[in-house]
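Peer 1: Sequence:
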Amino acid sequence: MQDYLKGLNEPQREAATHINGPLMIVAGAGSGKTKVLTTRIAHLMANGIDAFNILALTFTNKAAAEMKERVEKILGNNEARNLYIGTFHSVFARILRAEAPRIGYPNNFTIYDTDDSRSVIKTVVNELNLDDKLYKPNVVHNRISSAKNALVGPDEYANDYYLQQEDMRANRPALAQVYKAYQVRCFKNGAMDFDDLLFKMYELLRDFPEVLHKYQHKFKYILIDEYQDTNPVQYQITKLLAAVNENICVVGDDAQSIYSFRGATIENILQFQQDYDDVKVIKLEQNYRSTQSILNVANEVIKNNKGQLPKSLWTENAHGEKIKLVRTMTDNDEGKYVADTIQEQKLRNHYHNKHFAILYRTNAQSRSYEESLRRMGIAYRIFGGISFYQRKEIKDFISYLRVIVNTRDEEALKRIINYPIRGIGKTSVEKIVIFANDQNITFWDVLTRASEFGFKAGTLEAIQNFVTMIRYFQSMLEQKNAYDVAVQVGKHTNFVKELFNDKSTEGLARYENVQELLNSIKEFTESPDNEDGEVGDKTLGAYLQQITLLTDADEKDENADVVKLMTIHAAKGLEFPVVFVGGLEETLFPNAMSINTREELEEERRLFYVAVTRAEKHLFLTYANARYRFGSLTQNEPSRFLDELPETFLDRTYAGGGARNQTSNMGSAFARMHRGFEGNTQFSNASRQAPKSKTSALPTGLTSKPPQTVQHIPSKDFVPSDTTNLQEGQKVEHQKFGYGLVTKLEGSAHNPIATVKFELNGEKKIMLNYAKLRIVE
DNA sequence: TACCAGGAGGTTTTT
DNA sequence: CCTCCTGGTA
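Mapping of the first sequence onto UniProt numbering: position 597 corresponds to residue 597, and the numbering continues sequentially without gaps.
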């Protein structure tokens, strides 16, 4: 037996050594799926299959990179760089780059990110004289995007009775026209959006038999990761590609399907066995990642979903600690709790920053964690959110590069034509657009023929200088690589100097960002092979093609010793020794947008399942009674998912003494008591000051402490003391319970517990690691 | 044409 | 709380 098969369990080995014919691997969370996939690729190659004939599709660049790296390690040579491993989007972009002229696009077509798409939609909506209050760019974009993912083109859209009815009802009868106009404009701009990369790829294969034939024979073996997250376009494309050889291997877990908003459908994985004859199905059910407690909690929760593929995930790992359920007053307290606990865990269990992950439902939640981590001096990094490439200065700079490579790109042109300021203002731009539309020529064409359109002398000169400059950059493309061109752009446009002269903090940051961008371009030109493993293509075009498809999460320094913050979506496929899942509150998680149908709610639950199964050793689930949202305090019920957790594996010590923390029927009692504050009642900004002011009438639901507690107003300069050497008999002040005397000290050194007799609230046990106590004397 | 102040409106998740 | 857009002024 080959070495690389050692250490695989029976089903894993069976999957890895399967060579010909369709194969479906149902892989539970943490069951060694990546290991199986990489081993299988290595095994194919060890059996004489050429790397050039293997295609592996993933959902993130990171997963692709990891896969390639691991195959390389197993094989111990450079053959792996000939594999076609990448995301659906990047692999198709690369193929489209080669084949684009067939469908009327330039090889150097631009890839529009979401912001670009929305901006095009905005223009198109205006040009059609439609109300942009009704045709909101993001709404329209979502609609168009879903259509494309479902293989519905503009014409099918216009002719679909059901879709038309929907748009009528939503007061957007012209949506089909917008869709059409949007496509026309993108085409005119020589640009494809994210969804086009899939849709056009499908059209290419559908309409050009010779192209289909070529790729069917190139990709004799196809592997698809996270198959449960594929949407109909992706499904059709892979079906076409695999039709001849039928050597298609899909890996997925229906319990982890969390991308239906992007058009993904579990149907694809359920359907797979019908699509091909003799599908071999292998289940990976042994989990190697998590403790039994964690796994049991996960299994118990997912049971509440209907229609799962039957499987039972088990582990030989130790029981481990119970899952900690933690309730705090506000989101800020939640942040503090997490930061404190990280500090404590680092000391107690010798963890490093990099062993922690903080996961949340929405990007906006990162703020409170950030603040606390920063205050504690704990290094962290946020993955996702606004990506580096979406920053204004970076987009502006890249727009220059985009124009140089593809002058049809109107979006990019509009961004840079007056940045840095050169006297071509809004009015001139509007004129240019009108001329372009009238004559049915591109924006750039108007610029090159500016003298024909009667601009004012000053404006004309500015336009001509701009054109000359861009042409100068283009002329450099032939001899110079991407980096050299970019440097020239920075110098020649005064772009870099402009930022350099801005000495404000933000200006400095912008300057540094552009420098970082230049560095990354340099790195690209100097790296021996690009991300697809293809040697040699160091042109600006090649650089731009990959840049739009990069995400923040793809950035390298894997081993940087930082706490990782990200959404649960972004965390899929990852694992961490200690995981915090925050914001377990109704309207947040499950999100208010996703509780209207059973399907939506089940997807939220799968998301929760994904979150829980990221943890290896320790799992903390936290929720806050109230959090700041839109600048005002919002009150939420604990998440319904918390009611689904099995008691046996839970530690509620930290869940505080109120709401739904002992038994689930307490919850309804609490709810009954506070009728009127159920759901998410919003309080005005004014009530934010409430706790400080004696006169303000505090809404009952807001305090959320046990009803018998007498409210204490901490002194204005309340600062928690260091309680390491706290002695019995000392007088202390607690933020909520007021003044009291320490009557007893117990607990371990890392988790000391003080018993305090409070003047107003009686005797309480206080965990010194978490509570804020000020020593009075 | 450029810049600033003031106001409205927006939070789901991502390639 | 934030960002984006508008409309007024220099």
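Wrong hints could be hidden among the right ones.
[Claimed, not checked] Keeping only pairs whose Cα atoms sit at most 27 Å apart, straight-line, the calculated BS3-like set for lysine-lysine is:
hint : residue 1 : residue 2
1    : K491      : K522
2    : K538      : K491
3    : K136      : K395
4    : K480      : K395
5    : K480      : K503
6    : K122      : K392
7    : K62       : K354
8    : K414      : K480
9    : K522      : K426
10   : K239      : K220
11   : K239      : K392
12   : K392      : K491
I should point out that these hints are in silico values taken from the structure, not numbers from a laboratory. Source: prediction; values computed, not measured.
Peer 1: Next, verify each hint and record whether it holds.
Peer 2: Okay, the hints, checked on the actual structure:
A distance of roughly 16 Å separates the Cα atoms of K491 and K522; the hinted pair therefore holds under the 27 Å criterion. Restraint check for K538 and K491: satisfied, since their Cα atoms lie roughly 21 Å apart, inside the 27 Å limit. A threshold of 27 Å between alpha carbons decides the hint, and for K136 with K395 the separation of about 23 Å falls inside it, so the pair holds. Proximity of K480 to K395 is assessed by CA-CA distance (about 22 Å); at most 27 Å being required, the pair is judged to hold.
For the hint pairing K480 with K503, the CA-to-CA distance comes to about 32 Å; that exceeds 27 Å, so the pair is violated. A distance of roughly 18 Å separates the Cα atoms of K122 and K392; the hinted pair therefore holds under the 27 Å criterion. Restraint check for K62 and K354: satisfied, since their Cα atoms lie roughly 17 Å apart, inside the 27 Å limit. Distance hint between K414 and K480 is fulfilled; the C-alpha atoms sit about 26 Å from each other, no more than 27 Å.
Proximity of K522 to K426 is assessed by CA-CA distance (about 34 Å); at most 27 Å being required, the pair is judged violated. Restraint check for K239 and K220: the C-alpha separation of about 13 Å stays at or below 27 Å, so the hint holds. In summary, the hint linking K239 to K392 is not supported, as the alpha carbons are separated by about 40 Å, beyond the 27 Å threshold. For the hint linking K392 to K491, the alpha-carbon distance of about 18 Å falls within 27 Å, and the restraint holds.
The structure fails hints 5, 9, 11 (numbered hints given earlier, in ascending order).
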